[in-house]
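Residue numbers (this note's numbering), protein chains in the order written: chain A, 1 to 362; chain B, 1 to 136.
Calculated directly from the structure, the hints in this document are not laboratory data.
Since we're looking at a predicted model, the values are computed, not measured.
Take these hints with a grain of salt, some might be off.
Dumping the calculated SDA-like pairs for lysine to any residue here, alpha-carbon to alpha-carbon at most 25 angstroms [claimed, not checked]:
1) A:K203 x B:Y120
2) A:K203 x B:M118
3) A:K291 x B:Y120
4) B:K4 x A:K245
5) A:K111 x B:Q14
6) A:K111 x B:R56
7) A:K155 x B:Y46
8) B:K4 x A:S307
9) A:K148 x B:S29
10) A:K245 x B:I68
11) A:K275 x B:E8
12) A:K275 x B:K77
13) A:K111 x B:G41
14) B:K54 x A:F108
15) A:K291 x B:F45
16) A:K125 x B:I68
17) B:K30 x A:E146
18) A:K291 x B:M118
19) A:K111 x B:H57
20) B:K77 x A:D19
21) A:K111 x B:E8
22) A:K116 x B:Y120
In case you want the letters, here they are:
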Amino acid sequence: MQILRKITKKDFDSIMNMDKKEIIEKIKKSGLVGRSGSNFPTGVKWESAFNSPGHKVLICNADEGEPGTFKDRFIMEKNPELLLQGMKIGRYVLDAECFIYLRGEYYFLRKNLEKKIKEMKLDIKVVSGAGAYICGEETALMDSIEGKRGLPRAKPPYPTSSGLFGRPTCINNVETLANIPLLLSGKWDPNLRLFSVSGHVRKPGVYELPLGTKLSYVATIAEAESPKAVCLGYSGGIINYEKFKDLTVDDKSFKENNFFIGPGSLIFLNMEIAKIMKNISEFYVHESCGKCLPCREGGFRIMELISKIEGGNGTKKDMEELKDLAQYLETCFCLLGKSYGFMVCSAIDNFGEDFERALKRS
Amino acid sequence: MGEKILLEELRNTQNKFGYLKGSELIKLSKEMDMPLARIYGTATFYSFFRTGKKGRHVIRVCNNLPCIANGSVNVIKFLKKELGIGPGETTKDGKFSIELTSCIGCCKKPPAIMLDEMLYTGLSEKKLKSLFEKIK
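Can you build the whole structure from these sequences, using the hints too?
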């Protein structure tokens, strides 16, 4: 696997001898984009931080919390040196103070990470999260490190101009940072992505596959058991497998059908859509930070309606209210609430007949 | 930046006292020169922090789809049989509490739990029995 490659000392020293601006240009030219699902061009983010005045901060976002996602854990377990080399390069280019925000659930990784940091003579502070999905949102993450409740901030200002404690801050996902030494040492396939495959499959795990792979191929190698639905994490939409099994997993094909690859999580399920949606709604209600009205109140009402429908007591009026609220969640302050609304819309668009059947039961 | 990180201070305090006592939060407020309201606000925001006593050991059962699809309900049934409690409850002897939790990233070996700060995966009945023999 490309992501498990070890960079030779010779190659790494060459990178550290490059001009800082040259490194940024190379990253820009490579086309590397944020692997958390943001798809934001990494080189542009680094350049923006580089050009901002003040003492910079580089934060590795290791708060991987999207259900069905475990690729960052895989990197930190199997090839932590690659991640730390990526951070060392970032520290050099940005002359930045470095942090790793490691989700509390991955506390078991902390000792080994800190040991490797010491071995590599790096100055990186590991901060443990404490069980809040919203802290994976980059602005909430910064508030969390600052000792506050993890509430998202308005953008602008963008973190690269005013971030942690007001300093120019570059926040990158684990997989993104791990790809930096790979792309700078020449031999790099930009098309390879890490996919976390789980659910009703016999071979769950992290698969490194090229973009453009067919969904049915993933189902075959992971040995999916009669999948009905494929949840793209809890934010990229819900694919009706029968209808879209020949869909290729790439940004263009996905976007055309109103799906998003996100962090590359594929949860194959042989389960009723109402039951799937009930769990997704419970997740979002639990993880909502409470800051904005549509997410806090609308999101809760959506959960009530879905529970009612799942329990066989849903009416046509409930469906109308559900559709309305799901669209209303587009006005949420941050991507958590917006994704919640999007998932509900995706379920209704792709599994309309199943919902009709669920209503007829009552 | 040698500044203290509140998240870390709260975790250390909780590990020391079992929960975030009011008196300790007041101490932290003085040490970190932060308003008590801010510290209390942070202490009550995160799932892992508790401002009231709970079981000495917290069992968090993953309650999202990859684990649900692979028998997390059996983990909850086992815990009910073994400890006599369900999610949201604490044993009478104050030793264990059970909570449902969001995905903990163990989808490769479901179903999974978090016990204190460690993850336990692939929890068949056999594995659960052996785990609880060790910790009970």
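Going down the list of hints, with the structure as the test:
1. Using a Cα cut-off of 25 angstroms, the hinted pair K203 (chain A) and Y120 (chain B) holds, with the two alpha carbons roughly 19 angstroms apart.
2. Proximity of K203 (chain A) to M118 (chain B) is assessed by CA-CA distance (about 24 angstroms); at most 25 angstroms being required, the pair is judged to hold.
3. Only pairs whose Cα atoms come within 25 angstroms are accepted, and K291 (chain A) paired with Y120 (chain B) is rejected, the gap being roughly 33 angstroms.
4. Distance restraint check for K4 (chain B) and K245 (chain A): the Cα-Cα separation of roughly 51 angstroms exceeds the 25 angstroms cut-off, and the hinted pair is therefore not satisfied.
5. Annotation: proposed proximity of K111 (chain A) to Q14 (chain B) holds, straight-line Cα distance about 19 angstroms (limit 25 angstroms).
6. A C-alpha spacing of about 23 angstroms is found between K111 (chain A) and R56 (chain B), which places the hinted pair at or below 25 angstroms, so the restraint holds.
7. Proposed proximity of K155 (chain A) and Y46 (chain B) is supported: the alpha carbons are some 24 angstroms apart, at most 25 angstroms.
8. At most 25 angstroms may separate the alpha-carbon atoms for a hinted pair to count; K4 (chain B) and S307 (chain A) exceed this at roughly 43 angstroms.
9. Distance check on the hinted pair: K148 (chain A) and S29 (chain B) sit about 13 angstroms apart at the alpha-carbon level, within 25 angstroms; holds.
10. Distance check on the hinted pair: K245 (chain A) and I68 (chain B) sit about 23 angstroms apart at the alpha-carbon level, within 25 angstroms; holds.
11. At most 25 angstroms may separate the alpha-carbon atoms for a hinted pair to count; K275 (chain A) and E8 (chain B) exceed this at roughly 37 angstroms.
12. At most 25 angstroms may separate the alpha-carbon atoms for a hinted pair to count; K275 (chain A) and K77 (chain B) meet this at roughly 20 angstroms.
13. Of the supplied pair hints, the one linking K111 (chain A) and G41 (chain B) is violated, its CA atoms being roughly 28 angstroms apart against a limit of 25 angstroms.
14. The hinted pair formed by K54 (chain B) and F108 (chain A) meets the criterion: a straight-line CA distance of about 22 angstroms does not exceed 25 angstroms.
15. Annotation: proposed proximity of K291 (chain A) to F45 (chain B) holds, straight-line Cα distance about 12 angstroms (limit 25 angstroms).
16. Restraint check for K125 (chain A) and I68 (chain B): not satisfied, since their Cα atoms lie roughly 35 angstroms apart, outside the 25 angstroms limit.
17. With a CA separation close to 17 angstroms, the supplied pair K30 (chain B) and E146 (chain A) stays within the 25 angstroms bound.
18. Annotation: proposed proximity of K291 (chain A) to M118 (chain B) is violated, straight-line Cα distance about 31 angstroms (limit 25 angstroms).
19. A hinted pair counts as satisfied when its Cα atoms are at most 25 angstroms apart, and K111 (chain A) with H57 (chain B) qualifies at roughly 21 angstroms.
20. The hinted pair formed by K77 (chain B) and D19 (chain A) fails the criterion: a straight-line CA distance of about 60 angstroms is larger than 25 angstroms.
21. Between K111 (chain A) and E8 (chain B) the alpha-carbon distance is near 14 angstroms, which keeps this suggested pair within the 25 angstroms criterion.
22. For the hint linking K116 (chain A) to Y120 (chain B), the alpha-carbon distance of about 24 angstroms falls within 25 angstroms, and the restraint holds.
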